[in-house]
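> Sequences listed follow chains A and B, in order.
So that you can map any letter, position 133 of the first sequence is 133 in the working numbering, and since no number is skipped, the others follow by simple counting.
So that you can map any letter, position 341 of the second sequence is 341 in the working numbering, and since no number is skipped, the others follow by simple counting.
It is worth saying that the hints were derived from the structure and are not from the lab.
Hints may be right or wrong, so weigh each one.
Label pairs and their in silico Cβ distance ranges [said to hold, decoys possible]:
#1 Gln-278/B with Tyr-22/A: 37 to 45 Å
#2 Glu-92/A with Ala-47/B: 55 to 63 Å
#3 Phe-23/A with Val-15/B: 29 to 37 Å
#4 Phe-63/B with Pro-129/A: 47 to 55 Å
In this text, a Cβ means the ideal position worked out from N, Cα and C, and glycines have one as well.
Single-letter residue listing:
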Amino acid sequence: MNFWERMYLPAIVRGLGITIKYFFQPKATYKYPEVQRPYSKNFRGQHSLKRDEEGRERCTACGLCALSCPAEAITMISAERQKGEENLYREEKYAAVYEINMLRCIFCGLCEEACPKEAIFLDGSHVPPEQLRKDFIYGKDKLVEPRFDYKKEQKTIA
Amino acid sequence: MESALLLEKTILVVVVFAITLFIAMYSTLVERKVAGFMQARFGPDRAGPFGLLQPLADGGKFFFKEEIIPAGAHKALFIAGPTIAMFTACISSAVIPWGQELTIGEKVFTLQVADINVGVLYIFGVVALGVYGIMIGGWASNNKYALMGAVRAASQSISYEIGMGLSLIALLMITGTLSLKEIVAQQEGFVNWNIWVQPLGFLIFLVCAFAECNRVPFDLAECETELIGGYNVEYSSMKLAFYMFAEYINMFVSSSLMAALYFGGYNFPFMYDLGLSQNWITIIGVLVFFAKILAFIFFFMWIRWTVPRFRYDQLMRLGWKILIPLAVANIVLTGIATIVKDTYF
Numbered sequence: 001m002n003f004w005e006r007m008y009l010p011a012i013v014r015g016l017g018i019t020i021k022y023f024f025q026p027k028a029t030y031k032y033p034e035v036q037r038p039y040s041k042n043f044r045g046q047h048s049l050k051r052d053e054e055g056r057e058r059c060t061a062c063g064l065c066a067l068s069c070p071a072e073a074i075t076m077i078s079a080e081r082q083k084g085e086e087n088l089y090r091e092e093k094y095a096a097v098y099e100i101n102m103l104r105c106i107f108c109g110l111c112e113e114a115c116p117k118e119a120i121f122l123d124g125s126h127v128p129p130e131q132l133r134k135d136f137i138y139g140k141d142k143l144v145e146p147r148f149d150y151k152k153e154q155k156t157i158a
Numbered sequence: 001m002e003s004a005l006l007l008e009k010t011i012l013v014v015v016v017f018a019i020t021l022f023i024a025m026y027s028t029l030v031e032r033k034v035a036g037f038m039q040a041r042f043g044p045d046r047a048g049p050f051g052l053l054q055p056l057a058d059g060g061k062f063f064f065k066e067e068i069i070p071a072g073a074h075k076a077l078f079i080a081g082p083t084i085a086m087f088t089a090c091i092s093s094a095v096i097p098w099g100q101e102l103t104i105g106e107k108v109f110t111l112q113v114a115d116i117n118v119g120v121l122y123i124f125g126v127v128a129l130g131v132y133g134i135m136i137g138g139w140a141s142n143n144k145y146a147l148m149g150a151v152r153a154a155s156q157s158i159s160y161e162i163g164m165g166l167s168l169i170a171l172l173m174i175t176g177t178l179s180l181k182e183i184v185a186q187q188e189g190f191v192n193w194n195i196w197v198q199p200l201g202f203l204i205f206l207v208c209a210f211a212e213c214n215r216v217p218f219d220l221a222e223c224e225t226e227l228i229g230g231y232n233v234e235y236s237s238m239k240l241a242f243y244m245f246a247e248y249i250n251m252f253v254s255s256s257l258m259a260a261l262y263f264g265g266y267n268f269p270f271m272y273d274l275g276l277s278q279n280w281i282t283i284i285g286v287l288v289f290f291a292k293i294l295a296f297i298f299f300f301m302w303i304r305w306t307v308p309r310f311r312y313d314q315l316m317r318l319g320w321k322i323l324i325p326l327a328v329a330n331i332v333l334t335g336i337a338t339i340v341k342d343t344y345f
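Full structure from sequences and hints, please.
What follows is the structure, given as structure tokens:
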């Protein structure tokens, strides 16, 4: 180091310039509850089990999603569709129980790719925190998307 | 007359004390805000608008924390440590002239608690006492880290007081008085500020003030990375808050001292050319003085978030081998300049 460098002061002045530059620069922080950071387009969040245009569950409980799952987070119990349930389930076989353990899930999206019925998509937001581990096992009550009456909706739009 | 003076001074003391505590309180918020802004963050902004209630929340939290006195600690000294630190920090603002005279009716009020003719020496004495708070607290904790911090604080403060004193001697050679009131009164207007004749002295004083306040880059007494907090590791609750408050009050007092000694105190440019009455000059002067103090406090924080901590041997080398010789050279130069000026001009 030469004399000028050993003085420290020029370096300190330069450092002060850098910090004051940041002082006036726009901040990187999102003020979270008020402003939410947008998800990227290909973000994979919480799963949802889809319904078709008539509001029937698309899932046929084939088990391909559970098979493809590398974390073994998905379990299901299938059941046969009874007479009179045609407006509830699209296929003749459906998932009576469909559970995803959100603590095991790695959000890889392989279930989404494996599904032949386009019944599962990872299009939700983050999985919210819970107090107990058992509350992270999501059943159909949390996974199936809410029933949406298309005919009624079309009437109100028209 | 006597009781009127007593009342006047009591009111002034209470006001100064309240302002000191208020500024120290909000320094904690400003410090975090400045830190945030310099790191592209916002800092605390949840408690009240812009986080303005954050100091109250912090204070409330400190009050409700559990008081812990370690089993091996010397109880009396453990309690005395933060008390001394806070006490010495608070009394040092007594000799600082906050403004000129204020005339209300027939009565003239001086905005200085005590105009003692050795004001600078008084401040030096009190600041030197301040290290006892840290030393006693660190020793009484019965903790090796606290002791290390205390030892560091003591040797650092001894080393830098010399440089500080020597840098001030050059200033006193010019002013010819130790009374802070007269030193400030001499720096009327703008061109008479001492910074123009003592730039080197100011620089040395500034560096030493950072060291005396235990501020970054000289915060070796409480460096988190080496000593996990230093002299105050064992402290909790309001005793810890007292140490922190003492640090911020020290910062405030050194800022006001630098503003008074080198930057003209309450003097501001064209103060007598604007055709203002004396009272208005005083009021504006007080505001100007506080603006200067706040600017220095901001500078303290600005430095904190810019310069990394010195290593201990670097600290000692800077103090003994650079600042003290520089300060002596500054005295010699000032002496020569004074003689040359007196002889030839």
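> Hints first: check each against the structure and report whether it holds.
Hint check:
| no. | hint | result |
| --- | --- | --- |
| 1 | Gln-278/B with Tyr-22/A: 37 to 45 Å | holds (44 Å) |
| 2 | Glu-92/A with Ala-47/B: 55 to 63 Å | holds (60 Å) |
| 3 | Phe-23/A with Val-15/B: 29 to 37 Å | holds (32 Å) |
| 4 | Phe-63/B with Pro-129/A: 47 to 55 Å | violated (31 Å) |
Figure legend: structure checked against the earlier numbered hints; the only hint not met is number 4.
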